[in-house]
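Number of protein chains: 4
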Amino acid sequence: MWNEKNNVLEKTFEFDDFTEAFSFMTRVAFLAEKHGHHPNWSNVYNKVTIQLTTHDEGNVVTKKDRDLADAIDSL
Amino acid sequence: MWNEKNNVLEKTFEFDDFTEAFSFMTRVAFLAEKHGHHPNWSNVYNKVTIQLTTHDEGNVVTKKDRDLADAIDSL
Amino acid sequence: MWNEKNNVLEKTFEFDDFTEAFSFMTRVAFLAEKHGHHPNWSNVYNKVTIQLTTHDEGNVVTKKDRDLADAIDSL
Amino acid sequence: MWNEKNNVLEKTFEFDDFTEAFSFMTRVAFLAEKHGHHPNWSNVYNKVTIQLTTHDEGNVVTKKDRDLADAIDSL
Chain S
744 MWNEKNNVLE
754 KTFEFDDFTE
764 AFSFMTRVAF
774 LAEKHGHHPN
784 WSNVYNKVTI
794 QLTTHDEGNV
804 VTKKDRDLAD
814 AIDSL
Chain D
744 MWNEKNNVLE
754 KTFEFDDFTE
764 AFSFMTRVAF
774 LAEKHGHHPN
784 WSNVYNKVTI
794 QLTTHDEGNV
804 VTKKDRDLAD
814 AIDSL
Chain B
744 MWNEKNNVLE
754 KTFEFDDFTE
764 AFSFMTRVAF
774 LAEKHGHHPN
784 WSNVYNKVTI
794 QLTTHDEGNV
804 VTKKDRDLAD
814 AIDSL
Chain F
744 MWNEKNNVLE
754 KTFEFDDFTE
764 AFSFMTRVAF
774 LAEKHGHHPN
784 WSNVYNKVTI
794 QLTTHDEGNV
804 VTKKDRDLAD
814 AIDSL
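Chains as they are written, first to last, in this note's numbering: chain S, 744 to 818; chain D, 744 to 818; chain B, 744 to 818; chain F, 744 to 818.
In short, the hints are calculated from the structure, not lab data.
Please note that a few of the clues may not be correct.
Any copy will do: because identical chains look the same in the list, a pair fits if it lies in one copy or spans two.
Said to hold, decoys possible - Pairs of lysine-lysine residues, derived as DSS-like cross-links and limited to a Cα-Cα distance of at most 25 Å, are as follows:
1) LYS806 / LYS754
2) LYS807 / LYS790
3) LYS777 / LYS806
Here the structure is a predicted model, which is why all the values come from computation and not from measurement.
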């Protein structure tokens, strides 16, 4: 479930361990390139937190963010 | 199903597209490092073929290969 | 230059673009696994910020953090 | 130096170890996606062999292959 707050879409994903988390990040990285839209994201061990907002339109949540969020959820 | 032939364990994995295939390879790469044992592998678009053999013991299939094969199947 | 503050070693790396940044992250991910020590890190487009601290010893900077920092700098 | 033979461009890259080789592969994977053109490639420990040909035009070397080869060399 993506949480929208302060003009940012945010979701945290949890995995079994670091390598599972990083492999997920690799898949998201390819998606981000394909979409030409990149997350603000962080990782600690098995957790990945992804934040999406559109800088070019003044740091608000746009269709670009929702499309990338949907694509990530489809992985 | 791993196929053993000519002292090599081999299996081909098929995915939806290149990025899925490469993300799988990333997970296998971490496993290989963890096991201290590395595959001879190739990729064409959505297909990944993995060959396992143990160089240090004269290019035969050993427990190292079977352990890595099992770990890959558990992904 | 790693900056030590509030019991955390921190450094930000900047690259040409997202894929350069993410490829660097891949190399760091392998190092982290090898060291059995994982960063708290974040990425926005071409920037990667790495924070190192040792949870198991009460969130202080230890030799583990300095060793991983050195290894990252050697990439 | 890329070697052209039997309608394939081929080059082998050598690195210090497996993780260096795989990190290079990650960068190439992003390039391949960006170009919409994918290699036939293989890896054994610290060596990566890349073969480029264009399936859609009858498995011959085309501008697509030369462009991707140039991009890989620019990494």
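Going down the list of hints, with the structure as the test:
Taking CA atoms no more than 25 Å apart as the test, LYS806 paired with LYS754 passes inside one copy only; the shortest distance there is 17 Å, against 33 Å between copies. Proximity of LYS807 and LYS790 under a CA criterion of 25 Å is satisfied in both settings, with 24 Å inside one chain copy and 21 Å between copies. In this assembly of identical chains, LYS777 and LYS806 lie within 25 Å of each other by CA distance both inside one copy and across copies; the values are 15 Å within and 22 Å between.
When each numbered hint is compared with the structure, no violation occurs for any of them.
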